[in-house]
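K.L.:
Spelled out, the chains give:
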Amino acid sequence: MFYKIRLTIAILIFITAILALLGIFYPLHLFDIQIAPLIQRVIIDFSVISAVALGILFLLTILFGRIYCSTLCPLGILQELIALFRGKGNEKTRKNLPVKYFITAITFGAMIGGSAVIIRYIEPYTYFGSAVTLSVIGIIAVVAIVVLSIFKNRYFCTNICPVGCLLGLLSKISLLKVYIKDDECLSCGMSERNCPSGCIEVNEAKVDNETCVKCFKCLNLCPKNAVTYGIKPKKEVKFSPKRRELITVGAALVIFAGAIKAGIEIGKTAAEKIKNIILPPGAINAKRMFNKCLNCNLCINACPNKILTKANKDFGAVHIDYTKGEKYCKYDCRECAKVCPSGAIKKISLDEKQKTRIAMAVINPDKCSKNGVCINVCPVHAITMEENQSAKIDASKCIGCGRCKTVCNSGAIEIFAINEQQRV
Amino acid sequence: MRLPMDGNKVDMVELEKMTEYAFSHGANYFDTAYMYVDGQSEIAIGKVLKKYDRSSFILADKSPIYKMSSQSDVRKIFDEQRKKCQVDYFDFYMCHNINVNSFEQYRNVKMVEELSKLKEEGLIKYFGFSFHGTPEILKEVVKDYKWDFAQLQVNYLDWDVVKAHEQYDIVQSLGIPVTVMEPLRGGGLVNLSEKALAKLKENYPNATPAEFGLRWAASQNNVVTVLSGMSNLKQMKENIAVFENFTPMTEQELKIADEMAKIIQSQGEINCTACKYCMEVCPKGINIPAIFSLYNQYKVTKSPFHLKIYYETLSDSEKANNCIKCGLCNKNCPQNLPIPDLLAQVQKEYEKA
Numbered sequence: 000m001f002y003k004i005r006l007t008i009a010i011l012i013f014i015t016a017i018l019a020l021l022g023i024f025y026p027l028h029l030f031d032i033q034i035a036p037l038i039q040r041v042i043i044d045f046s047v048i049s050a051v052a053l054g055i056l057f058l059l060t061i062l063f064g065r066i067y068c069s070t071l072c073p074l075g076i077l078q079e080l081i082a083l084f085r086g087k088g089n090e091k092t093r094k095n096l097p098v099k100y101f102i103t104a105i106t107f108g109a110m111i112g113g114s115a116v117i118i119r120y121i122e123p124y125t126y127f128g129s130a131v132t133l134s135v136i137g138i139i140a141v142v143a144i145v146v147l148s149i150f151k152n153r154y155f156c157t158n159i160c161p162v163g164c165l166l167g168l169l170s171k172i173s174l175l176k177v178y179i180k181d182d183e184c185l186s187c188g189m190s191e192r193n194c195p196s197g198c199i200e201v202n203e204a205k206v207d208n209e210t211c212v213k214c215f216k217c218l219n220l221c222p223k224n225a226v227t228y229g230i231k232p233k234k235e236v237k238f239s240p241k242r243r244e245l246i247t248v249g250a251a252l253v254i255f256a257g258a259i260k261a262g263i264e265i266g267k268t269a270a271e272k273i274k275n276i277i278l279p280p281g282a283i284n285a286k287r288m289f290n291k292c293l294n295c296n297l298c299i300n301a302c303p304n305k306i307l308t309k310a311n312k313d314f315g316a317v318h319i320d321y322t323k324g325e326k327y328c329k330y331d332c333r334e335c336a337k338v339c340p341s342g343a344i345k346k347i348s349l350d351e352k353q354k355t356r357i358a359m360a361v362i363n364p365d366k367c368s369k370n371g372v373c374i375n376v377c378p379v380h381a382i383t384m385e386e387n388q389s390a391k392i393d394a395s396k397c398i399g400c401g402r403c404k405t406v407c408n409s410g411a412i413e414i415f416a417i418n419e420q421q422r423v
Numbered sequence: 000m001r002l003p004m005d006g007n008k009v010d011m012v013e014l015e016k017m018t019e020y021a022f023s024h025g026a027n028y029f030d031t032a033y034m035y036v037d038g039q040s041e042i043a044i045g046k047v048l049k050k051y052d053r054s055s056f057i058l059a060d061k062s063p064i065y066k067m068s069s070q071s072d073v074r075k076i077f078d079e080q081r082k083k084c085q086v087d088y089f090d091f092y093m094c095h096n097i098n099v100n101s102f103e104q105y106r107n108v109k110m111v112e113e114l115s116k117l118k119e120e121g122l123i124k125y126f127g128f129s130f131h132g133t134p135e136i137l138k139e140v141v142k143d144y145k146w147d148f149a150q151l152q153v154n155y156l157d158w159d160v161v162k163a164h165e166q167y168d169i170v171q172s173l174g175i176p177v178t179v180m181e182p183l184r185g186g187g188l189v190n191l192s193e194k195a196l197a198k199l200k201e202n203y204p205n206a207t208p209a210e211f212g213l214r215w216a217a218s219q220n221n222v223v224t225v226l227s228g229m230s231n232l233k234q235m236k237e238n239i240a241v242f243e244n245f246t247p248m249t250e251q252e253l254k255i256a257d258e259m260a261k262i263i264q265s266q267g268e269i270n271c272t273a274c275k276y277c278m279e280v281c282p283k284g285i286n287i288p289a290i291f292s293l294y295n296q297y298k299v300t301k302s303p304f305h306l307k308i309y310y311e312t313l314s315d316s317e318k319a320n321n322c323i324k325c326g327l328c329n330k331n332c333p334q335n336l337p338i339p340d341l342l343a344q345v346q347k348e349y350e351k352a
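Chains A and B are the protein sequences, given in the same order.
Going left to right, the first sequence walks through residues 0 to 423 as numbering that gives the first Met the number 0 numbers them.
Going left to right, the second sequence walks through residues 0 to 352 as numbering that gives the first Met the number 0 numbers them.
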C-alpha cells in the first residue's frame with residue numbers, strides 16, 4: 000500500500016520534472032522545494048519562505064525518514080524506474096562508507112561560505128536538470144549514475160549524494176522507521192536481496208535507516224509482513240560511539256569548517272575578471288551568478304525567446320547568448336527569474352525587470368542606414384532620430400534587451416555586456 | 000638610478016668623479032635595480048664602488064619580479080645581482096614596483112618568505128618595497144608582511160595626484176621608515192610650467208625648482224633618505240648643496256608648494272575635477288578620472304615612462320579601451336566633457352607613447 004502510493008506520486012513528480020525542464024509545464028514550482036536550492040536561497044536572501052519550506056522538509060524527514068529521496072528527487076526516481084525493468088534483485092548489504100560525509104561537508108560548506116561552484120558538480124537535482132537539457136556534464140553524470148545503479152541500485156544515493164547524506168543523518172533519528180520484527184522474521188532474505196539501498200541485513204534483523212530511502216519495497220515483499228514501517232519499539236541501546244565514528248565526525252567537522260572558509264574565498268574571487276557576459280535580469284553580475292547558479296538549467300527552456308545558454312567555455316553558469324533563439328530579451332517577461340529555484344536569478348518583479356539594464360546597445364553612426372525601424376521596436380523608447388541623421392540611443396534609458404539589433408539591417412547596432420546590472 | 004651616459008653606455012669617467020664627490024660630501028646611499036639602464040646600472044655601480052670599503056656605503060637593490068616564476072628564482076636572481084654589484088650583501092633590498100598586478104606575483108613566488116631567509120643569513124640588512132599603486136593595495140601590502148622600510152613616490156605634486164599623503168600616512172602609522180623616490184618627479188618638478196614657476200619666484204625669488212622640490216620631500220617626518228637621479232656632476236653638486244645647508248620647510252613654504260601643485264594640476268588638458276560622477280554610471284567600470292589625471296600629468300611631465308607605469312596600475316577593466324561609447328557618462332559630467340572621445344584620444348596617445 001505504502002509502496003504503491005509512494006511510487007505513483009514519485010512517477011507523477013518525475014514526469015512533472017521533465018516537463019518543467021523542457022519548458023512545457025511547470026505548475027507546482029516543484030524545484031523550489033529541492034534541498035540544495037532551498038538552502039542556497041536561505042543563505043542568499045534570508046528568505047523566510049524558503050527557510051520555512053526547508054524546515055518543513057527537514058521535519059518531514061525527521062518524522063518519516065528519507066522520503067524526499069524516493070518521492071521528490073528526480074534522479075532518485077529515475078534510478079528506481081530503471082530498476083523496475085529488472086528482474087528480482089540480488090543486492091547485498093552495503094557498507095556505510097564515510098566518504099559521503101566528507102563530500103557533504105565540502106559541498107555544503109563551500110555553498111554556505113558563498114560559492115556553489117563545487118556543489119553544482121555533484122548535486123542530484125543539478126545533474127538531472129542539466130542532463131534533460133542536454134548538457135554534457137549532466138548527461139555523463141546521469142548515465143554513470145544509472146549504469147552504476149544497474150549493478151548496485153542507488154549507489155549514488157547511499158554512498159555519494161550530499162543531499163542524501165544530509166537527510167540520512169536526520170533519518171537516523173526519525174520517528175517512523177523501517178524495521179524488522181525479530182520474532183516474525185524467517186530470515187528468507189527476500190527483503191535484503193531486493194533493497195535498492197542495500198540497507199537490510201536479515202540475519203541480524205537490522206535495517207540501516209540512514210541509507211534507507213523509504214521506498215517501501217520491502218514491506219510489499221516480506222511474506223510474513225515482518226518488515227514494518229512505524230514507530231520502532233524501544234530497545235535499551237547504550238550510546239557508545241566507536242572510535243572510528245568519532246574520528247569520522249571530527250574529520251567531517253574540520254573539513255566543513257575548511258570548506259566554509261574556501262567557499263568565502265572562492266565567493267570573493269571567482270569570476271571576478273569575467274566582464275563580457277550578458278546575464279538574465281536579476282542575476283546582477285558575473286561573480287554573483289557564477290557563485291550562485293546551480294546549473295540546473297531550468298530557466299533555459301522556460302525562456303520563451305530561448306536566448307539563455309547553459310554553462311560553456313565562456314562562462315561556467317547560465318547566461319544570455321543574443322545569437323540564439325529570438326536574439327532578444329522579451330520586455331514583459333521574467334520567466335527565468337520566476338523559475339530559478341536557487342536565487343541566482345533574483346525573483347524581481349516585472350516592473351523591476353523592465354527597469355534593469357542587462358547590457359548596453361550602441362549605434363555606430365557610420366553604419367546606420369537611417370531607416371528608423373529600430374525606433375519603433377525599442378520597448379523603452381530610448382531611440383530617436385532626427386532628419387537625415389543616424390539613429391541615437393539614449394543610454395540612460397537603454398536596458399540592453401537587444402530588440403533593436405534584431406531589426407537593424409545594416410549591422411550598425413552592437414549590444415555590449417556590462418559589468419553589473421543597473422537600474423535605469 | 001639615473002647615470003651619466005655616453006650614448007648607450009654608462010660614462011664611467013663621469014660616474015667615478017660623481018662617486019668621489021658624493022663620498023667626500025657625505026652622500027653614501029646608492030640605489031640601483033636589476034632593470035635600470037638595461038641591466039648596466041648594477042654592473043657600473045659595482046665597478047665604481049669596488050674600491051671603497053664595503054662598510055662605508057649603503058647599497059640598495061631591487062628584484063625583477065617579471066624574471067621570477069618560483070621561490071627558487073628569488074635566490075637565483077639575488078645571487079646574480081650580488082655578483083653583478085660585486086658585493087656579498089645588500090644593505091637595502093626591495094620588491095621592485097609593487098602594484099595591483101605585481102603584488103599577486105610577489106605573493107606567488109613567496110618573495111618575502113625568501114627575503115626573510117636571506118636576511119637571517121645576513122645577505123640583506125633591511126628589506127622593503129618600492130611602490131606605485133593605490134593606497135588600498137598599499138594597505139594590503141603592509142598588512143601581510145613586516146617590512147623594514149618602504150620606498151614611496153613623495154613630492155608636492157604627487158602628494159595629491161597619486162595620493163602619496165595617504166600612502167605616507169599608512170606606512171607612517173605602522174612606523175615603517177620611508178625612503179623617498181621621485182622627489183622631483185623625473186624632472187617634471189624641475190621644468191615647471193610658467194605659471195607654477197611664477198608662483199615660486201614671486202614668493203621665493205632665489206629658490207630653484209629642484210631645490211624647492213628636494214627640500215619639500217626631505218621635510219617630511221620619518222623620511223630616511225631622499226633619492227634623486229642625477230645624470231651629471233653639475234646636478235649632483237646642486238643637489239648636495241641643498242642638503243649641506245638643509246633647513247626643513249616653513250609652514251609658509253609648504254603652503255606655497257601646495258598652491259603650486261594645484262596650479263600644475265589645474266593646467267592639465269582635460270578639465271576633470273575627479274568628482275567621479277561618471278563612474279557611478281559607467282557600465283564598464285572604467286576609471287575615467289584616474290585616466291584623465293594620468294593624461295594630464297603626462298602632458299605636464301612629457302614622460303611616457305610615468306604614463307605607462309601608472310597606466311599599468313589600473314586593472315584591465317578600468318582602462319580606456321573598454322569604452323563602448325554609450326555616452327552614459329556624458330550626461331553625468333558636471334564639466335560637460337566629451338568623455339568617450341577623450342578616452343579614445345588618451346588611448347591613442349598611450350599606444351603611441
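Calculated directly from the structure, the hints in this document are not laboratory data.
Among the clues, some could well be false.
To be verified - The calculated DSS-like cross-link candidates involving lysine-lysine, where the alpha carbons are at most 27 angstroms apart (straight line), are: (1) K66/B to K50/B; (2) K274/A to K275/B; (3) K109/B to K260/A; (4) K323/A to K267/A; (5) K109/B to K267/A; (6) K323/A to K324/B; (7) K194/B to K369/A; (8) K324/B to K274/A; (9) K138/B to K318/B; (10) K49/B to K194/B; (11) K267/A to K138/B; (12) K301/B to K275/B; (13) K391/A to K109/B; (14) K324/B to K391/A; (15) K272/A to K75/B; (16) K366/A to K50/B; (17) K275/B to K272/A; (18) K116/B to K272/A; (19) K116/B to K75/B.
Unchecked claim - Beta-carbon label-pair distances, calculated as ranges: (20) E120/B to V135/A: 12 to 22 angstroms; (21) S314/B to S395/A: 43 to 53 angstroms; (22) G174/B to I172/A: 53 to 63 angstroms; (23) E120/B to V142/A: 20 to 30 angstroms; (24) G174/B to K171/A: 41 to 51 angstroms; (25) P337/B to A143/A: 56 to 66 angstroms; (26) L58/A to G174/B: 50 to 60 angstroms; (27) P378/A to S314/B: 46 to 56 angstroms; (28) P378/A to E311/B: 38 to 48 angstroms; (29) I139/A to Q334/B: 53 to 63 angstroms; (30) D331/A to S314/B: 54 to 64 angstroms; (31) E311/B to S395/A: 25 to 35 angstroms; (32) V135/A to D87/B: 24 to 34 angstroms.
We put the CB at the ideal spot given by N, CA and C, even for glycine.
K.L.:
Against this structure, judge whether each hint is valid.
P.N.:
These are the hints, each one checked on the structure:
no., hint, in the structure
1, K66/B to K50/B, "violated, 30 angstroms"
2, K274/A to K275/B, "holds, 21 angstroms"
3, K109/B to K260/A, "holds, 22 angstroms"
4, K323/A to K267/A, "violated, 31 angstroms"
5, K109/B to K267/A, "holds, 22 angstroms"
6, K323/A to K324/B, "holds, 25 angstroms"
7, K194/B to K369/A, "violated, 50 angstroms"
8, K324/B to K274/A, "holds, 16 angstroms"
9, K138/B to K318/B, "holds, 23 angstroms"
10, K49/B to K194/B, "violated, 46 angstroms"
11, K267/A to K138/B, "holds, 18 angstroms"
12, K301/B to K275/B, "holds, 25 angstroms"
13, K391/A to K109/B, "violated, 53 angstroms"
14, K324/B to K391/A, "holds, 12 angstroms"
15, K272/A to K75/B, "violated, 33 angstroms"
16, K366/A to K50/B, "violated, 71 angstroms"
17, K275/B to K272/A, "holds, 22 angstroms"
18, K116/B to K272/A, "violated, 34 angstroms"
19, K116/B to K75/B, "holds, 13 angstroms"
20, E120/B to V135/A: 12 to 22 angstroms, "violated, 53 angstroms"
21, S314/B to S395/A: 43 to 53 angstroms, "violated, 26 angstroms"
22, G174/B to I172/A: 53 to 63 angstroms, "holds, 57 angstroms"
23, E120/B to V142/A: 20 to 30 angstroms, "violated, 58 angstroms"
24, G174/B to K171/A: 41 to 51 angstroms, "violated, 57 angstroms"
25, P337/B to A143/A: 56 to 66 angstroms, "holds, 58 angstroms"
26, L58/A to G174/B: 50 to 60 angstroms, "holds, 58 angstroms"
27, P378/A to S314/B: 46 to 56 angstroms, "violated, 34 angstroms"
28, P378/A to E311/B: 38 to 48 angstroms, "holds, 42 angstroms"
29, I139/A to Q334/B: 53 to 63 angstroms, "holds, 57 angstroms"
30, D331/A to S314/B: 54 to 64 angstroms, "violated, 37 angstroms"
31, E311/B to S395/A: 25 to 35 angstroms, "holds, 32 angstroms"
32, V135/A to D87/B: 24 to 34 angstroms, "violated, 60 angstroms"
Hints 1, 4, 7, 10, 13, 15, 16, 18, 20, 21, 23, 24, 27, 30, 32, counting from the list given before, are not met by this structure.
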